[in-house]
Amino acid sequence: MADKRDLQTPPKKRSKSSRPSSDPKSSSPSLPPTPLSATPRRSTRRRASLHFPTPPPKKRKTPKSTAEKKQKQQVFYKKVVYDGGEFEVGDDVYVKRREDEDEVEVQVEEQCRVCFKSGKAVMIECDDCLCGFHLKCLKPPLKEVPPGDWVCGFCEARRLGKEVQLPTPPKGKKLVRTFREKLLSSDLWAARIESIWKELDGTYWCRVRWYVIPEETEAGRQPHNLRREIYRTNDSANIEMESILQHCFVMNPREYAKANEGDDVFLCEYEYDIHWYSFKRLAEIDGDKEDDDAESDEDWKRDKDSDSDTEEEVEFEEESTKNILAKPSRAHELAANSHKGRFYGLQKIGMKQIPKHVRCHKQTALERAKSTLLLASLPKSLPCRDKEMLEISAFIKGAISDDKCLGRCLYIHGVPGTGKTMSVLAVMRNLRSEVDAGSIRPYCFIEINGLKLASPENIYRVIYEALSGHRVGWKKALHLLNERFSNGKKFGKDDDKPCILLIDELDLLVTRNQSVLYNILDWPTKPNSKLVVIGIANTMDLPEKLLPRISSRMGIQRLCFGPYNYRQLQEIISSRLRGIDAFEKQAIEFASRKVAAISGDARRALEICRRAAEITDYRIKKLISTPKNASEGKALVGMAEVEAAIQEMFQAPHIQVMKTCSKLSKIYLTAMVYELYKTGMGETTFEKLAMTVYNLCTSNGEAFPGHDMLLKVGCKLGECRIILCESGAKHRLQKLQLNFPSDDVAFALKESKELPWLAKYL
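Positions 5 to 766 (this note's numbering) are the ones given, in order, by the sequence shown.
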């Protein structure tokens, strides 16, 4: 069956320019370690001219260790001219696999695979074997480069099962191998330069990020892999500039589709995690716009209802490729060597030079406190969750053992901001070192956040893409995942490792017939699945709200994360500020007690302290700017700044609106929070909400206002953006959702004097 991506983005005809050399010794496919010795050595053969050097740091009066002196004398560069070639940060290059590899000569053109000659005659490249042929050497000869995909006669004969013997070079002539051929046969490496510097002994070094070919991944080469496709890894190393041979050009799919020349052009769409053996699209990492052409399920639709998937396996149907094949391709419009010596499609990374006053600025204690208190900054340790992390670690170790990797699911629940996701990720980081040491067996790890899914069914294609590095529609992905986990069919020849699947915001996968959750939780029960599922949600009783067939698989093992008390919050903040003298002890305790009394959310406590540091830093800088007040003002965050930050957070405009709204609006919002706590779902319908309002009013002696009045109240709250209302005149089926956290609603309405009974529902 033809693959859509193979048909839509075929390998292009390139100008064959690389360097010939003697065939290097073969080596087994593996991820690249540092190719040269770790100790810098002086190069007597090569010299480099440098551009745009970064000024060395100023000398300090305090004594320095040997390592600090060595680091100080290293000079970093944006660009160097080395051995006649210009290399810049962000360039993609070929790298030697062995230090003792023979020197190579520059190859201008590739040889024809029939006559073994090169020249100005037009050549065409086979889309299957990537060999170049003169048009006149083909049988029958071609007058011009044909449009669309083209396969040579040798490859066509192989597809028919015939024995093919390629022509051999005449006596005295040797078949030249290009750098592209060496890379795709694991005789060279490809890498991206991340930094360049000069060592003390005069040698030039660079830090590179490695690429790997599909054969070097755990899944191996798959039918959907293009011949020129490689993967970027998360592995880096420091190498000498001597090991770099020449440039190659690694492009994303959009750039690759536009590049028609160059033998050293490769496609890279995914990053491969060498630790967890999983794939992730570079568009998600680098922030590029996603191409949704391969995500269509047009050929997999069985009916018009998108929610009609059942528990049975989806029947596999062959994809129709007639329309795709009918479209002409521009792959062969330009000849293979018509523009030799020129490079096309190289998109170099632009670099902005950082001003000197920014480079040399030393951060103050308050500035360091602000950066370390950011929610995006990853802490070195996660305090106050040691017991829960031990339970998670014991569960994973027991689940991936040879005799217990069957039917294991762990459900983790707790209020928001209690460290559920961070605890699991911290355990995974700790287990990685044990995997590297060989104390536990290797396994694959996939992390999925339900908030990032456009629909619950999209989780199938996300899982399949992470395992195989290939995008398909969700129905086809469901079929392929059923083959893997239910029938034991593996994606790769060595693909027998256990798989840990972490699903955050699990409650967002609930559908009308709950088939998505059923399929995911049913896979671990199969004998050959080797799948372990860890689900995280904020709802405690989510298993009880699901169908019995799902709750029986999901609710066996649970782990509850309770809210933090003020001592734990104080320890969390202090651990982040360790070594930074920016806060008074009473200020941290005050912020911790205030947050613990409301929600126990560690994220709120960190945000309050960060905002208090910003207020203090602004006040200090304002005083310093005034000469007469330069000596005034303390540099520590006190209780006054924390109180100001709390007032900003808990007396925001939306909270003031909720505090001063009508009685019926307060009951309306309380019903939405109560419905959220009861169902665990962020969305509700007007019909369900009206029933909840009716129950609250009748239970507390309030008169039910009627549906018409409730519609008017909802419209007013929607105009104020307190709630989000679905557009359209759906009336009782209209979907509603809070636009702010439920904690804000509880804080605003708990102390209502006219409706004191609201507190017991918040």
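Since the hints were made in silico from the structure, they are not lab data. One thing to keep in mind: the hints can contain errors.
Listed next, the in silico DMTMM-like pairs over lysine to aspartate or glutamate satisfying Cα-Cα at most 20 angstroms (straight line) [unchecked claim]:
| hint | residue 1 | residue 2 |
| --- | --- | --- |
| 1 | K598 | E451 |
| 2 | K284 | E246 |
| 3 | K374 | D87 |
| 4 | K739 | E687 |
| 5 | K682 | E575 |
| 6 | K625 | E371 |
| 7 | K202 | E371 |
| 8 | K82 | E203 |
| 9 | K456 | E371 |
| 10 | K284 | E203 |
| 11 | K262 | E90 |
| 12 | K140 | E160 |
| 13 | K501 | E222 |
| 14 | K589 | D545 |
| 15 | K530 | D545 |
| 16 | K366 | D545 |
| 17 | K501 | E219 |
| 18 | K391 | E647 |
| 19 | K501 | E451 |
| 20 | K667 | D526 |
| 21 | K667 | E575 |
| 22 | K374 | D153 |
| 23 | K143 | E160 |
| 24 | K202 | E90 |
Structure-based check of each hint:
1. K598 to E451: 33 angstroms, violated
2. K284 to E246: With Cα atoms ~32 angstroms apart, K284 and E246 exceed 20 angstroms; violated.
3. K374 to D87: The given pair, whose Cα atoms are some 45 angstroms apart, is violated under the 20 angstroms limit.
4. K739 to E687: Given pair K739, E687 holds - Cα atoms ~6 angstroms apart, limit 20 angstroms.
5. K682 to E575: The given pair, whose Cα atoms are some 32 angstroms apart, is violated under the 20 angstroms limit.
6. K625 to E371: 12 angstroms, holds
7. K202 to E371: 31 angstroms, violated
8. K82 to E203: Between K82 and E203 the Cα gap is close to 15 angstroms, so the pair holds against 20 angstroms.
9. K456 to E371: At roughly 32 angstroms apart (the allowed maximum being 20 angstroms), E371 and K456 break the hint.
10. K284 to E203: Distance of about 35 angstroms is beyond 20 angstroms: violated.
11. K262 to E90: 25 angstroms, violated
12. K140 to E160: 19 angstroms, holds
13. K501 to E222: 9 angstroms, holds
14. K589 to D545: Measuring from Cα to Cα gives roughly 38 angstroms; hence the hint is violated.
15. K530 to D545: 26 angstroms, violated
16. K366 to D545: 50 angstroms, violated
17. K501 to E219: 17 angstroms, holds
18. K391 to E647: 33 angstroms, violated
19. K501 to E451: 16 angstroms, holds
20. K667 to D526: 47 angstroms, violated
21. K667 to E575: 40 angstroms, violated
22. K374 to D153: Judged against 20 angstroms, a Cα distance of about 56 angstroms means the pair is violated.
23. K143 to E160: 13 angstroms, holds
24. K202 to E90: 15 angstroms, holds
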